[in-house]
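Chemist: The chain contents come next:
4 protein chains.
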Amino acid sequence: MVGVNKRQVRVGMIGYKFMGKAHSNGYRNLPYFFDTPAVPVLQAIAGRDEQGVKAAAETMGWASYETDWRRLLERDDIDVIDIVTPNNVHAEMAIAAAEAGKHVLCEKPLAMTVEQAKRMVDAVKKAGVVHMICHNYRFAPAVQFAKKLIEEGRLGKIYHIRAQYLQDWIMDPKFPLVWRLRKEVTGSGAHGDIAAHILDLARFLVGEFSEVVGMMETFIKERPLGEMTGGLNASANSGKMGQVDVDDCSAFLARFENGAVGVFEATRFAAGNRNGNRFEINGEKGSIRWDLENMNNLQVYLTDDEPGLQGFRTINCTEEHHPYAGAYWPAGHIIGYEHTFINLMKEFMEGIVNGTSPAPNFEDGYRNQLVLASVEKSVETGSWVKISEVDPS
Amino acid sequence: MVGVNKRQVRVGMIGYKFMGKAHSNGYRNLPYFFDTPAVPVLQAIAGRDEQGVKAAAETMGWASYETDWRRLLERDDIDVIDIVTPNNVHAEMAIAAAEAGKHVLCEKPLAMTVEQAKRMVDAVKKAGVVHMICHNYRFAPAVQFAKKLIEEGRLGKIYHIRAQYLQDWIMDPKFPLVWRLRKEVTGSGAHGDIAAHILDLARFLVGEFSEVVGMMETFIKERPLGEMTGGLNASANSGKMGQVDVDDCSAFLARFENGAVGVFEATRFAAGNRNGNRFEINGEKGSIRWDLENMNNLQVYLTDDEPGLQGFRTINCTEEHHPYAGAYWPAGHIIGYEHTFINLMKEFMEGIVNGTSPAPNFEDGYRNQLVLASVEKSVETGSWVKISEVDPS
Amino acid sequence: MVGVNKRQVRVGMIGYKFMGKAHSNGYRNLPYFFDTPAVPVLQAIAGRDEQGVKAAAETMGWASYETDWRRLLERDDIDVIDIVTPNNVHAEMAIAAAEAGKHVLCEKPLAMTVEQAKRMVDAVKKAGVVHMICHNYRFAPAVQFAKKLIEEGRLGKIYHIRAQYLQDWIMDPKFPLVWRLRKEVTGSGAHGDIAAHILDLARFLVGEFSEVVGMMETFIKERPLGEMTGGLNASANSGKMGQVDVDDCSAFLARFENGAVGVFEATRFAAGNRNGNRFEINGEKGSIRWDLENMNNLQVYLTDDEPGLQGFRTINCTEEHHPYAGAYWPAGHIIGYEHTFINLMKEFMEGIVNGTSPAPNFEDGYRNQLVLASVEKSVETGSWVKISEVDPS
Amino acid sequence: MVGVNKRQVRVGMIGYKFMGKAHSNGYRNLPYFFDTPAVPVLQAIAGRDEQGVKAAAETMGWASYETDWRRLLERDDIDVIDIVTPNNVHAEMAIAAAEAGKHVLCEKPLAMTVEQAKRMVDAVKKAGVVHMICHNYRFAPAVQFAKKLIEEGRLGKIYHIRAQYLQDWIMDPKFPLVWRLRKEVTGSGAHGDIAAHILDLARFLVGEFSEVVGMMETFIKERPLGEMTGGLNASANSGKMGQVDVDDCSAFLARFENGAVGVFEATRFAAGNRNGNRFEINGEKGSIRWDLENMNNLQVYLTDDEPGLQGFRTINCTEEHHPYAGAYWPAGHIIGYEHTFINLMKEFMEGIVNGTSPAPNFEDGYRNQLVLASVEKSVETGSWVKISEVDPS
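Protein chains in written order, with UniProt numbering: chain A, 1 to 393; chain B, 1 to 393; chain C, 1 to 393; chain D, 1 to 393.
Just chain A, same shape as in the assembly (with noise of 0.2 Å):
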C-alpha cells in the first residue's frame, strides 16, 4: 500500500456529491504524487440518506459511513473532518468539530455570514485544530507561479487585477431550483459559489480588498422545483415551480489597501463559458493571464523584455520550474481540475504534521466572507462599501 509506513491521517467527510468526489479523489491520489509526511486515510464518510452513503462510501472507497453527521466526532478514529455540505450547516459542522479537537477542512465559501464566519475562525482558534478552506483554485501550478513571480516583484507595484468568473450551466430557465439557487441554504447564487473563488484568487495574488461597489441580477426568477443530481447536473422533480431568491450574476469594482484596483464578474449565464475563471493582473513591470478552461498555460509579460520582442509568452507550467508540477507527468504532459485538489491536500497533510493551518485557512475564508459581505452590503445601499464597515472584529 502506497505510504503505509507513514503516518496516517484518518479522515472523516460530511456530504458525498461533486464536492465529496473531488474531495475524495484528491486523497487517494495525494500519496501517488506526493512523498508527504503524513498520508490521508479514507475513514468514513457521513449522509443523512443511508442508501447513498452507503453507496457513496463503495463508490469513492470510504472504509465507513455514518448517516449522522455527529457521530464523526464522536469516533476517536478520526482526526479530520472534512465539511463538503451546502453552505448553511458549514459553520455548525466546523464548530462542532473544531470543538472535538477535530481538524477541519471545508468547503467554501466558509459560511452564510460574516458573524457564522467569525465564530468558525474563533472556534478553530480556541480548539488549536489545524483548518483550510478548500480554495483549490490557488493550486494549480501556473496560479501558484504566478504568486511566485508577484511575490519575486516581477511584475513590480500592481495596478490592476480584472477577473472573471463565467458559467453558463443554470441558463436553461427550465433547470430546476436546487439547492444551489435558495437562499436558506446557499446564501448566494453565482456570488458565493463563484466570485468567492475570484476574490480569493485576488487576496492571495494581489492582497487584501480595501473597499467594493457592486451589483447583482437574477435573469429568470421562477424556475421548477428539483435537486442535484451529481456534478452540476440537475433534475426537476414535480411541475411546482418556486422563486429563486439568489442573484445569478454578481459583479463588484475594487480597490485594494495597496493601491491596486480591480473589477470582478461571476455569472451563471453566460453562455458558451462552461467554466470560464480567468484573470488579468497588471504590474508596472509585467502582466499576467490566467484562464481555468486552459488551466495548464499561464500568459506572461515582463516589460524588461527586449523592444520589439516583448509580448506575452505562454508558459505551459508543467515542468520542474513550476510548483507541484515536477510530482506529476514530464513537461508538456497536462494536468486537470482534480489535481488542484491533490495540491491542496499535499499542504493540508503537511500543515497537520507540522501544527500549522496553510493559507487558505479559516481566516481567509473570514476575509473572503468580509469582501463578499460588503458588495452584498453594496448592493442594498447602491454606495461604495469599505471592508472595515462590515468587519466586526
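Keep in mind the hints are simulated off the structure, nothing from the lab. From the three backbone atoms N, C-alpha and C, an ideal C-beta is built for every residue, glycine too. Some hints could be false.
Unchecked claim - Calculated pairs, DSS-like style, for lysine-lysine (alpha carbon to alpha carbon, straight line, at most 27 Å):
| id | chain 1 | residue 1 | chain 2 | residue 2 |
| --- | --- | --- | --- | --- |
| 1 | D | K54 | B | K6 |
| 2 | C | K285 | D | K221 |
| 3 | C | K377 | D | K54 |
| 4 | B | K386 | A | K386 |
| 5 | A | K377 | B | K377 |
| 6 | C | K240 | D | K157 |
| 7 | D | K174 | C | K285 |
| 8 | B | K221 | A | K386 |
| 9 | B | K377 | A | K386 |
| 10 | A | K285 | D | K285 |
| 11 | C | K183 | C | K377 |
| 12 | B | K6 | D | K17 |
| 13 | A | K6 | C | K17 |
| 14 | B | K6 | A | K157 |
| 15 | B | K174 | B | K17 |
| 16 | D | K157 | C | K174 |
| 17 | C | K174 | C | K240 |
| 18 | A | K174 | A | K17 |
| 19 | B | K221 | A | K157 |
| 20 | D | K377 | C | K386 |
| 21 | A | K240 | B | K285 |
| 22 | D | K157 | D | K147 |
| 23 | B | K157 | A | K221 |
| 24 | B | K157 | A | K174 |
| 25 | B | K240 | B | K17 |
| 26 | C | K157 | A | K6 |
| 27 | A | K285 | B | K174 |
| 28 | A | K125 | A | K174 |
| 29 | D | K386 | C | K221 |
| 30 | D | K6 | B | K17 |
| 31 | D | K174 | C | K157 |
| 32 | B | K183 | B | K221 |
| 33 | C | K285 | A | K17 |
| 34 | C | K54 | C | K17 |
| 35 | B | K147 | B | K386 |
| 36 | D | K285 | C | K174 |
| 37 | C | K157 | D | K17 |
To be verified - Over the 12 Å line for every Cβ pair with chain B, so calculated as not near, a few chain C residues:
| id | residue |
| --- | --- |
| 38 | E58 |
| 39 | A96 |
| 40 | E217 |
For chain A, the structure is supplied; the task is to place chains B, C and D on it using the hints.
Modeler: Okay, now just chains B, C and D, sitting in the frame of chain A:
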C-alpha cells in the same frame, strides 16, 4: 481619376496629427474600394503652425491649407468640416461649422461636457447639416456582423456585456504630460479617450444605459512636460514637471434599459496590451467575443448548436457575407485598423447624399457624453447615478 | 474498497519508469471513475534491480515484486502481463506471456521489426489471449469524439491529414545517450517513439496507409553516455561519449487506401514544443484540429454551417456528450494526460471480460509497424514504398 | 499631391483582376506612408477587352489604358512594366519589357518552366533593368522581423521548417474550371500558386534547397467550364464540363544546403482554411511561428529565456521596432494583406533609384522555379530529386 464623374464632397479638416492621418487616409481610399454616390475631395486642411500644416498638406495629399480654421468656414469650396483636434475645441468648431452650413464629422469624445454636447446637437439640427462622430470601431466588419446577429435575434435577450479597452502607452513615468493627459484640453484621460469607445460599442450592440457606478485612478501623478510627436509617441520638452489631472484608468458597472448588465474598464496601464479593445456579449441564445488586436475575427457561440458540437466559432469576417468585407479582398485576406475609417466614411458620404446623419452621429455623441458624465458624477458621489440625472434635455 | 465485489483482473507489470508510473496510475484510478465489469488489481511488478523495483512497488502501490520477469508468467495469481520496458524486449516478453496464457498490454511501438511484430500477433492469436497496444492518445475524449464525427460522415470523404509530434527534450547536446537514443534498445528515435503515435492516430481516424516516402535526420551525432532518471529526464554517468545511431526527426508523405493524402513529422528538436502532438484532418464536409498540449479541445469546422457563420468551433470535450468525459467532472473541468490511460484501461478490462481485443490491439501494432518499416525502407531507397512491400503476411 | 516633387516612376501594368487591384492599391498608397526617393505614377494599364480595361483604369485610378500590351513597351512615358497576368504569358511579356528597357515587376510564379525562367533572368540582366517578383508575403512586418532575428543568429543553426499554405476556395465540385485550374495557362495548381509562396519564404528565411521529394493529387477531376469574376470568385459559363489537369494539392519533403530539413504542403482542399499560410521554424536557440490569417503577430520562443519562464511570445509586430511597421499606425493598430504590397513597392522604388534589384528578384524567381520543377520531377519519378538536376545553368 477614381470617382472623377461623381459628386465631389469637398472636405476641410482641422488638425493633422494621428487622427488627421487616419482620416486623410480614409478619404483617399474610399473611392478605391466603394462605389459611393459621392466621393470626398481633400480640399483644405487647417492648423495654426504654418510650417506644420503645410508639410502635413503635402504629406497627406490635401490641395490647400489654412492657418486659421475659421477660414475653412468662409470658403465656399468646402462642404464638410472634419474636426480632429483636441477635445476642448470640438464644440466651438462644430457649432461654427454647422452655423456656416457645413456638414460635420467630429472626433470622439464629442465634447468636454454634456452641456457642450447638447449645444452641438442643437446646432447641427438647427442648421440641418449632416453630422457624424468618429467612433470608427463600430465599422470593423466583425463588429458590424455582431450587430447584424444581435438584430436578427441570434443571441436572444442580452444578459451581459463586459468590455475592456486596455492600453499601456503611458506606463513609463517619464512619458510626458501631453495634451491627452491635461484635463483642460482633453476633459478626461482614459475615460473620454478609450472608455468612450467601448461604451459607444455597448450602446451600438446592447442598447441604452440606464445607470452606472464607477471608479477612476491616476497611478502616476506627476510627469515631465512635453508634446505628442505623432501617432501615440511623445517627447519631453524640458526638465519641468507637471501634475496629471486626468484618470489613468476608468471602470464602471452599468445597467441597461433592456435589463442587461455591463462591466467596463479602460486603462492605459495594462502592460502588454498595446491596443486591447475587447468585448464579450452573452445573450439567452448565444454569445459573441471580439478583440481589436485580432479585429477581423468574431467569436460566436450559439446555444442551439447541436449538443456536443457547441463551442465558440472563430469567424474570419473577410467574406462577402460580412458587412463591408466584400469591397476589399478575397476571404482570409485581412484588413486593418485604417479600414474602419474607410467604412465609416462610406456611410458619411451616403448620408451627405441622402441628407441623413448615419449613426453614430451627434445624437450618439451626446448620449455617450451622458454616460461619460454619469460615471464621472458617480466617481464624485460614490454611488450609482442614473443617466437621466445628468441629462438636461 | 472500490470495486471490491467485481471480477478482479490481476496485473503483473514489467518495468516501472515513466510508463510504469502512467500505467499504475491508470489501473489505480479506473474503478474510481468507471463502473467496469472487472477491476484491475496491482498484483506484482517486475524489474531486475531489486532495490529499484521494491521501491517502485511501494511508491506505486503494487502488492508484490519480482526481479525476474519470467516469474510473473509462472504465477497463477497473474491474469495480465503489462509490458512497459524498452522496445528491444517487447517481442520476447509478449510472446512468452501469451504462451503462458496471460492477457497482454504492450507499450508502443509493438516491436523492433515487422518480423517480431508478426510473431507477436501470431502468438496472441494462437494463445487466444486478449491483447492491446498502449496508444493512449486515441483515448483523449476529443480524439474519440473526432472519430465519432468521422464515422458519422460529418467530414465526408477525407482529403488530408497533416500530423506533427514535436518535442524538444533532447536538444541540448549535453543530454546523454540514454536507451531511447540507442538503436539496439529502441530500434529508432523519434520515429518509433512519437511518429508511431501520429501514424496510429492517422490509421484510427483516416484509414490504412498504402504508400509512403520519408526522410530522417540526426542533428547531434555524438552525446555523453548516460541514463534516464524518471519521466523524460536523464543524467550523464561518465565523461565518455557515444554515437547516436537513431533519428532525431522523421518526416514522411503518405497516401491512404481511401485516396486521402497525409504529411507527417516527428521530431525532438522543435524548440518550445514540449509535447506538441497535433493533427488536422480535412474532409469534403469539414475539418478537425487537435493538439495534445490543449488536449480537452477539439476544433471542428463544418462546411454546411450557415454562410457567414462558418469558422472553426473550439469544443471543450468535457461534456457528457463526449466519449469518456461524463465519467469525470462537470463540463469545463478539464482532465489531463493521465486520463488517456484510464480510458484505455476501461476498454482493456471490458475486452478481458468479453474475450475480445479492443483496438488498438496487436493487429494495430503490427499495421503501425508496417508503416514504420515502410518509411525506414523509403529512407534507405530514396523512393516511395508501398506498405504491401514490407508486409510478409 | 503627395510626392509631387519627387522622381516619378511611371508604371504600365498588364492585367487588372485580383492582383491588378492589389498592385494598383500598393502604388497608390506607397507615397502616403513612406518617404521614398521616387514615387510610382499609375500611367497606363493594358488588357485585351477594351470595355473591361477602361472600367478598370477608371476604378483603380490609372491615367490611360491600352488594349495591346505591346503598346506599353513602345510608349516612352512608361518606366516600369508590371505583369499581373496568368502565368503562361509572364515570360513573353517580361522579356519583351526588358528588351524595351523597362524595369519589370512580375507576379509569381515567375514562369511555366525553368527554361522560361532562365530566359527571363538572362533578359533582365542583359538589359540592365531593375526586376522583382511579387512574393508579397516576405513583406509582412512579422516575416521581416523573423528574417532579422534569424540573421542576427537568435535562433542559432536552423533544424526545421514546416510550412503550409491551406486554402479551401475550390472545394465545391461546382466551382468552375477557371484559368487557375488549367495547366496550359497556369502551369500547375496549388503548386505554382501557393506552394510557390511558402518555398519562397523558406528560401528567404532558411536558405537554399538541396533536394526534394513530393506528391500531388487532384481530388476533383472534372469541373464545369467557367471564368474568374474577381478576387477568388468565379462563375460557370455553360453546362460543359472539362478535365482538371493541375494539382489540387502539393506536398514535399526537403533538405536544405545548410542541413535543415523541411516539410511543405499546399492545398486548396483544406476546409475552413480560407488563407492559411503558416510556418514554424525551429533552430538550436529558438523557434518562430507565423500565420497569415493573423499576420501581424509573430510567435517567438527563445531557449535562453529563464527556466520556468520559457514559452512562445506573441509579438504584435506593429511597433517602430518592427520592419515597415513604423510607417503606419501606433502599436497595436494592425495592418492587413494589402500593406505587404506597399512594403514591397517601397523596395522596388528604392531599387529603381539605386539601380539594384531588391530580393525577391528574378534570380529568386528562378531559384523558386527550380524547386517547383524539382518537386514536379520527383512526382514523376517517385524519388528524391536534387535541385541541381533541374538547373541548366
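Chemist: What are the numbers of the hints the structure violates, in ascending order?
Modeler: Structure breaks hints 3, 14, 26, 28, 33 and 37.
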